[in-house]
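Trainee: Mind docking these for me? Both chains are given alone in their own frames, and the hints should help you get the complex.
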Amino acid sequence: MFDKDKIKSLEEKLKEWEEKRERKAVEKLGERQGLFETHSQIPVKRLYTPKDIEAFDYERDGGFPGEYPFTRGIYPVGYRSRTWQARQVCGFATPEETNERLKYLIEMGETGVTVVFDLPTNNHAIDSDNPLAEGQVGMNGLPVDTLQDMEDAFDGIDIVKYPVTLIARCPVMLFMLIAVAEKRGIDLSKLRGTSQLDFLTSYVANKQAIFPAPKEAFRYFVDIIEYLARNMPNWNPMAIGGYAHRDSGTDAVQEMAFMLSGAISYTQAFLDRGLRLEEFAPKFTFFMGCHNNFFEEIAKFRATRKLWARIMKERFGAKDPRAMLLRLHVQTDGNTLTAEQALNNIARVAIQSLASLLGGVSSLHSDSYDEAICIPTEESARISLRTQQILLEETGIADTIDPLAGSYFVEWLTRQLEERASKLIEEIDAMGGMPGAIESGWLQQQMDDSVNRYWDAIRKGERTVVGLNKYRIKEEIRVKAFKVDPSYERKQLARLKKVKTERDNEKVKSGLSSIQDAVKKGENIVPPSIEAVKAYATLEEIMNALFGDKVRAYREVIRARHRQIAV
Amino acid sequence: MEKRKRVLLAKPGLDAHDMGIKLIARALKDAGAEVVYGGIYVTPEEITKTAVEEDVDILGLSFHSSTHLVEAPKIMKLLREKGRDDLTVVVGGCIPLEDVSDLKKMGVQEVFGSGSPLDDIVDFMIK
Chain A
1 MFDKDKIKSL EEKLKEWEEK RERKAVEKLG ERQGLFETHS QIPVKRLYTP
51 KDIEAFDYER DGGFPGEYPF TRGIYPVGYR SRTWQARQVC GFATPEETNE
101 RLKYLIEMGE TGVTVVFDLP TNNHAIDSDN PLAEGQVGMN GLPVDTLQDM
151 EDAFDGIDIV KYPVTLIARC PVMLFMLIAV AEKRGIDLSK LRGTSQLDFL
201 TSYVANKQAI FPAPKEAFRY FVDIIEYLAR NMPNWNPMAI GGYAHRDSGT
251 DAVQEMAFML SGAISYTQAF LDRGLRLEEF APKFTFFMGC HNNFFEEIAK
301 FRATRKLWAR IMKERFGAKD PRAMLLRLHV QTDGNTLTAE QALNNIARVA
351 IQSLASLLGG VSSLHSDSYD EAICIPTEES ARISLRTQQI LLEETGIADT
401 IDPLAGSYFV EWLTRQLEER ASKLIEEIDA MGGMPGAIES GWLQQQMDDS
451 VNRYWDAIRK GERTVVGLNK YRIKEEIRVK AFKVDPSYER KQLARLKKVK
501 TERDNEKVKS GLSSIQDAVK KGENIVPPSI EAVKAYATLE EIMNALFGDK
551 VRAYREVIRA RHRQIAV
Chain B
568 MEKRKRVLLA KPGLDAHDMG IKLIARALKD AGAEVVYGGI YVTPEEITKT
618 AVEEDVDILG LSFHSSTHLV EAPKIMKLLR EKGRDDLTVV VGGCIPLEDV
668 SDLKKMGVQE VFGSGSPLDD IVDFMIK
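Chains as they are written, first to last, in the numbering used here: chain A, 1 to 567; chain B, 568 to 694.
Extracted from the complex, chain B is given alone in its bound form (with noise of 0.2 Å):
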């Protein structure tokens, strides 16, 4: 048996809308995958360590309040040095287009706006 995809999800910044990141939390876990929830208000370095300790596949990353690209290249960067670039990682929320090649540029694999179908996501992120 193919082994389940382990997704870790988390809201970094300050910021609590996270009716999204839950629906994609229950629409990963409806289609097998293990979810791990980091939850809001977390830390880059709590992710990272999350992410490593729980030993994922795949890190999504939820932002509502422009702070993606302060977030997300700390995040990358701990990842590097914690050896685990290796990993698959999602970024969705509020996310002015202008900003989705330099997301993609410091090594997020994909960029989902408001109002991506859940089941894209769902594809992309564990088929």
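One chain only, chain A, in its complex shape (with noise of 0.2 Å):
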């Protein structure tokens, strides 16, 4: 980009710049001290120049919107003929009031559906009456057992109109909507949504309750993504994570790595299993966090697309630049709030939604100022939704496409982040891709080494957490928590009972032992799974039947393996 005798000529000024200049100032005036490097441990220097960048092809590395290599976007007119979809999570209490509010939010103007599972449904797949779920039915999200549960939570709403996110790594949801579906007389190939059904993630982030060992599930998980591309076409099979990773305390370069091995592997898999790469490559969807690191966030985004176009053309050969697209879903990053002063989350949330706009990214959801302490209020949900309208129709950041891209910093910084978590992609592949990082124990290492960095720092004093580590004030939390009333437990176990007393329990019992034919011949197991749910089987009998007790023994290795690794 830069003409070779020109920077020649700069690298002269600069280091006469750095002497004269640059030396004295900072021994005259001191610096600030402070830990001068992004969260992933990338010094930041003083000063960027061309010289950075001399090597930057505009063409190479930049591209315009639209175009290979993507790194300025995905779409040709940005935010401009098609703005980022504000997509906030519901779900709580019962299928009941799950579908009272998801009614308001559409009334409110949501163009889609996104549904949140509470942790007995979500994390460990049982079903609201095991004892293990006492006390947390219905607590931090919808409580499903039955497709019962699954018809309320969308009675009456247009599930081809709006499109339905499910945020579960469960694959028995899916099924239970297309059963819903399938029940309304819906074609599912006019079916749109997304589910999110990322497996290999819910090892590291969640510690594996629900599925046998990686390369294990990996069976079950082809067969869905092949019944997906066959007949459901218009659906986004897999929303593959990289925030539950960021979120558990991963560093961006990380992020970035482990997202894009997942990819990889689930390619791979797909690939193996003699699907076609134009048949689900296209309709995979992405999912990072965005943290505090402002600078670093923003070239994440943008190396990351440029990174997973690279990966699908050069290493998996793509054709249809559809196949090589980021499409990606943020959210600020939890971990990042605190129940500390915190109102001050409000500005923490604008920053981050802000770094996830000037990198491009395709959603968003901006959390609300309360989420260290409880599940939002209606109010703190609207603050982040405002909080979002206000930086697309009041700033003018929506106005032009990639407005840093051409900044000494932000390039050099997209180039460092590529380049890094390429490299640690090339590690993950030495270990046999993601399920040989994750059974080998190592990722989870990764993971817990990068969290006592991070965390140290903080204890220092080398990184700064206002209201937590510096600027602390003596107040108490003033913040309203919102809580789940815990007499919906009640009302979602009467549910329950009901729908197993009125099921026909001949129906159930044949439809379970087709899902376990089909486990064990080696049949796809989405059709009789779809039977069952639409026999009313329970979420729980669903799983059993999938998985069996090679669930309980992995889930063992990885306990133990856990406690081994955190002392």
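These are computed hints drawn from the structure, not numbers from a lab. Since the model is a prediction, treat every value here as computed from it, not as a measurement. Please note that the accuracy of each hint is not assured.
[As the list claims (entries may be wrong)] So the derived list for chain B, only partly shown, Cβ under 7 Å to chain A, looks like this: (1) L590; (2) T634; (3) G650.
All residues carry an ideal CB built from backbone N, CA and C; glycine is no exception.
Mentor: Have a look at this one:
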């Protein structure tokens, strides 16, 4: 991009400036103490000049928006033609309460619905009447036991008009939504939406609770992807996650590498099964977090887009550009929020939202300021939505595409992140991809090391968290916490009991044994699973039919390793 | 030489937010305590069994998903039944202020909400 002679003369001038001006000024004025490095430990210099990006080639490294390598965005007109989607998640209490809130959000102008499930459902795939679930039913999301719950949660909601996002790694949630659609007579090819289904992240972020070992679990997920590719062409089968890793403590480079390595492992497994790249790759979506280190986050989104495009083109030989697009949903990072002086989180969320949008992401969930304390109140959820509206409609940041391109620092940092993440991906490749990295415990160790590094710096005061290790005040938490009434648990248990009494148990039994037959014979597990769902078999019954004792056995392995790593 | 304090740390309930408890495990170890890490997803029965078997002095419980008022009473009851209500029990995590007195009433000695300085927690637990 730059003339060689110009760079040479700049180099001389820079040296002169460093000696004559910079050094003297630092000697005279001193320099602020602190860690001048990004969250990913990339050292940050005092000044960046064209010299730092002399190898930068606009067409090779940047390119135009909507064109390879998509550094400047996946859409040709950026936010001018299509603003990002403001997507706030919803789910609590019982299916009936969640249904009311979903309808309210649609009335307020949401264009799609995003549902989150409670811990028994999502992290453990157990029913509400399992003793382990006591006290947790409906507390942090929608409880789902049988198809009845899904029917009630989506009652009166047009699931063709409003795309549904299921924040669930457990595939049974998707089977239930498919059953709802079929019972309504909807042609499955008309269903648009996204299922998270990224089971690889669950081993590390949720510490695995519902699947057998990764290599073994792949078989089931390949079945699902095959079914979706053939029957639901407009559905995004997988939201491949970096967020879960980031929120569990990784840095930006690790987040990129772990997410993309996951995507590589999935791609390879689906290709090995005989699926064509064009059948599934254009339908992948991705999900990252946005942390506090402003420029690193902006550079991260740009670098990740570029890296994914390169991987698809160079490694997998993708021809269709749609297979190279990183369609990215971002959520501001929950672990950056503090319970102390919680209103400060409004500023953090605004800055993280700004970084996400300057990074050109496709959709955004801005956290609510009270999320370090409780699930959002109506007011705090509205403020986070308004934050996005202020950014879009008052600041002008969405008026031009990728406005920070060409910044010496941002381009340099984009390159740094790309190179460092590539190296880490190579390391993971050598371990047999993500399954190998997880099964050996390497990934968990990386994550723990990163957490320790980060919090040591906070503990020593090298890294500041306002209100936490600096500017503390003696105050009580005055934020009014939203609480789910524990009586909803009883209501959900009664609902489950009613379904179990009224359903045809013979049908349930034969549905479950069809699943086990398919598992044994190596046939696709999706059609019998949907049939069992329609017979009102419960989540836990279906999961047991699919995975049986393999889950319990692997859970013990993971628990033992987890205890070992921690101390 | 003074006997090193033995601490059991565990996360009851179904959530996996264990960044905090693992940091505390390490800090306690660095400060000279013997730490038994019980891990995540552990039941009240498993926790009290380990506490007795390992003969610990202190039990630290971490909660993130609002189950402290469900799980903590069960654990306190089991400890009484096993004659180990002499244990110092400390609760930490996402704990609303209005629940602190309820926890203390059931015998929990101290509650450290999110953001409590690590050194304060270590000092209270082993010094």
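Trainee: Taking the hints in turn, state whether each one holds.
Mentor: Hints, one by one, checked against the model:
For the restraint placing L590(B) at the interface with chain A, the shortest Cβ-Cβ distance is roughly 5 Å, inside the 7 Å limit, so the hint holds. Using the Cβ-Cβ criterion of 7 Å, the hint placing T634(B) at the interface with chain A is satisfied: the shortest such distance is roughly 5 Å. For G650(B), the suggested interface contact is broken, since its CB lies about 25 Å from the closest CB of chain A, more than 7 Å.
Violated hints amount to a single one, hint 3; each of the other numbered hints is respected by the structure.
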